[in-house]
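**Student:** Protein chains in written order, with our numbering: chain A, 1 to 393; chain B, 1 to 393; chain C, 1 to 393.
Derived DSS-like pairs (lysine-lysine); straight-line CA-CA distance at most 27 Å:
1. K36/B x K71/A
2. K36/C x K104/B
3. K370/A x K370/B
Everything labelled a hint here was simulated from the structure, so no lab data went into it.
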Amino acid sequence: MADTVYDVTTWTGATVSPYVDIGAVINQIIADIKSKQTTQTTRPGAVVYIPPGHYDLLTRVVIDIGFLQIKGAGHGFLSEAIRDESPTGSWVETLPGASHIRVKNTDGHQEAFLVSRSGAPATVGRLNSIVFQDFCIDGVSSTKPYTPGNSKTGISFQSDNDAVRIEGMGFVYLEHAIIVKGADAPSITNNFIAECGSCIELTGASQVAKITNNFLISSWGGYSIFAENAEGPHISGNTVLWACNITLHNVNRASITSNKLLSNFPSMIALLNGSSENLIASNHFRRVHGDGTSNRFDDKFGLVHIAGSGNTVTSNQFSFSVPAQNITPAGADPTIVLVKSGDNNYLAANHITSNLPAKVVLDAATTATKVLYSATTAQLDAFTSSHSMVATP
Amino acid sequence: MADTVYDVTTWTGATVSPYVDIGAVINQIIADIKSKQTTQTTRPGAVVYIPPGHYDLLTRVVIDIGFLQIKGAGHGFLSEAIRDESPTGSWVETLPGASHIRVKNTDGHQEAFLVSRSGAPATVGRLNSIVFQDFCIDGVSSTKPYTPGNSKTGISFQSDNDAVRIEGMGFVYLEHAIIVKGADAPSITNNFIAECGSCIELTGASQVAKITNNFLISSWGGYSIFAENAEGPHISGNTVLWACNITLHNVNRASITSNKLLSNFPSMIALLNGSSENLIASNHFRRVHGDGTSNRFDDKFGLVHIAGSGNTVTSNQFSFSVPAQNITPAGADPTIVLVKSGDNNYLAANHITSNLPAKVVLDAATTATKVLYSATTAQLDAFTSSHSMVATP
Amino acid sequence: MADTVYDVTTWTGATVSPYVDIGAVINQIIADIKSKQTTQTTRPGAVVYIPPGHYDLLTRVVIDIGFLQIKGAGHGFLSEAIRDESPTGSWVETLPGASHIRVKNTDGHQEAFLVSRSGAPATVGRLNSIVFQDFCIDGVSSTKPYTPGNSKTGISFQSDNDAVRIEGMGFVYLEHAIIVKGADAPSITNNFIAECGSCIELTGASQVAKITNNFLISSWGGYSIFAENAEGPHISGNTVLWACNITLHNVNRASITSNKLLSNFPSMIALLNGSSENLIASNHFRRVHGDGTSNRFDDKFGLVHIAGSGNTVTSNQFSFSVPAQNITPAGADPTIVLVKSGDNNYLAANHITSNLPAKVVLDAATTATKVLYSATTAQLDAFTSSHSMVATP
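Let the hints inform the model, and build the full structure from the sequences given.
**Tutor:** In structure tokens, the structure reads:
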């Protein structure tokens, strides 16, 4: 093998067993890579391979080199929530598996993996094409809704980055699975993120993040996807469960299409703080009553909440089924889409099924909303005359 | 390498060559894993690597451990149908390749891989995060329509499972490529399944299966995708060919979006037995006349057939081109969408092109169907007055 | 390891270092494979593994065997355009990385990888299931718009092929990243193609190409995706940037759905030469003014240009924002959708936002176009009475 391929279980440079502290081992590998790759044109990075096994992580990994690929042999998900709610005496296994890292920092830090490199201007320090692939990051213990919770973070990017990939990973029992600050064109695809407070958080500003083909399973305390000040994120082909909550603050030109969305709570997609010209198309929204309680949002908030202009909601199905006694405020008609503020939002060809008199609501501050074959006359509550309505017959 | 990584060609514990019986070798590997992983908290599973080569499988593999990853180096598809219909004297190669397993059971079983573990309640036995990746399962010989056929099955899950993955695999000349019973959140993505009787069958009950980005190529005898009693499957981004047949029995809240669908036969998507609140959006349906004959469905059955309530069909293109003499029953107008039964089904913004006078048909039992810009007046055959029509001008 | 697994850095059969000429090494590996795999039924192919490192390629690789998998450890993208436009004195690294191949042919050829096998009929020579995965092909130096440019091509398939895969690859600074002639069911997924003249070109004729989940980033000289004489390509879930240009010549039944599209220029999707029955649904189109100048198309050409019949444009968002002084011809109203020719094209439920009086234009030659809730009355310029309009209110 080339000296750019490391196996955490066989690398002879480590001063500690990877089973005792895989974080320390990977940091030592990174130091070794840096000692060998010393010029601007001789830094291709390396592969760090994690074979199947249970590894403890006591020391945070700090990645400050580009092109590093940390790779295991499977996301190894096992539902720790079901385990913790069930008698497990007769279970065959009670831990996640595959390439399984237990986050048990004793170093005073919260993250398993911190990606950060200092330097200005941003291009100097910008980290390129780092890859996390096919292993499991496990927060070990937690309780619903996981946030506030054990304060643990799986992967946190805290300096500018380009073209990074998080693929085939498993995350479980973390308060924050993935945080990416300052992202340009990240690809987050085919992951299994479950029983975490928040799944994916794009902080700072980001461009054209691609979030596709994932399972994102979170509870009612955090976010499935959170983004702020983002341009053009693409959220497509995901299955987002139990408390689907996609929250966008000042995010423009997002494309949220072909997702399967399920929640026990309102606010499945919220376009906030002037988020504009976003597309929400061909998604399936399912709202039921189930596990957990939360007063974060009431049923007037909307499954889709829009506070911005020029947004498009087309070709979606909304399937609402909540017992009347579980609606808050009591006796209210639940809101499917709330246009809270903004001009020229466009709803067309959406289909609502509901066990209750569900509503599309246009608040008084809104102007020129179009509601085309997206609600019956009875389903529209317009608190402004500045709108156009073509009722579903 | 860690002792959790096995290569079928170099593992010294096997009593038979993997080229002679890879099934026996993998069973022996599994036994070895079980002998080493003996407690509830020391069962991370293992990787079984299959390098490129032609391997025979005489003995069914039985997987009853979690987190196992069986991985090869490519799906290795070669069209055995074209091979069998052509003179191959001058061909360079006549077999599939890459990590290529020939299913030739001599053990009386039908499956190449059976995943099953006993135990009750289900959580005890539930198998987590098993991975099949990047190899080829080849049934060796078959004839169209492949079912009933050689009775061979590629992978069969027969006990409850969570978060399993089938990715990058190739399947050819099997009666059943993939059967998954009792699935919770499986990911079936980026596979090449071709010249099989049925591609993917979700039996028993399942939750939130994700079937994305696959080639699914089947003939007229079986199913591209079959599901029964499923909640919320997500079928997106697939290319489904020659006899696209997605059949859902008592399946609710499916999302079938952004697929490219082609068939030589009716029943491209059938929502049966009360399947309700499913979304069919942004798909391209192409129906032609070509290879094969079948009397399973006639042209009154519909490319889309709906027997359930609250379903949504939006933003699809239907492109129908079949010579009049090939329509059955003779002289009939072919049906694009048949709403057979159910209440409140919703069709909007669909576009039909056809060489014949194609129809959207609402049967007498149906109520409150909406047909909005999805058919011209001449294209609607409504056998009930309980519907709403806004004709495509 | 089996003898079907090669590592370019450790294989002892090479007569040159892979760092000096990886092309020569891979050609020698292919010769070695051919010397060992000598009959129609003993040709499973092999894996060629490229560990992280910087490799020069002086000699074109010629692949004339099936099932070959060339695989690295990451796409290794680093923006060479930003590098070349910035002072890099303090940068940590200035080259792409991971498994990084610098294309520096000294053999008189233009391609890094040529896939071609002679033989007739096509089935004899058809190459199956070749895989390029997870490495970086770098053209080393270039200037915008990259075409005409350094004349370098990353991967070129020039004979008939079936079920090939290009996945997880990086391409940068190439005039042509990927050319596939005579493709049947190729899968091009999860790649990062940037700063190339053209990203994906499907030449000759092709069937059911699947192009999904990619970043495609090109400049104004070439194409994001070009296809000619293609049946049923499926373009879904991609993020296509800076000069999104998807050009289809005589392409029928394409499905272009759920893509995020951004361009500084007109002609984001062009259906030319009678391209018919294509579906464009649930895409987000963003048009801005920015980097680069081009007179290839003016703003009357349309973001979507249709010269064909029976096409469908539904459920898309068009977000146009270009300063008036940057519109060509000066003073023109920019065209969002131009139906140039053809019969029975169908636009429904599209939403246009624009800083200027944008238009949907139906040329005089067109017949029976439907424009349903896709433009206000003021936004339609119809030069034919043969159309139907339901204006967005």
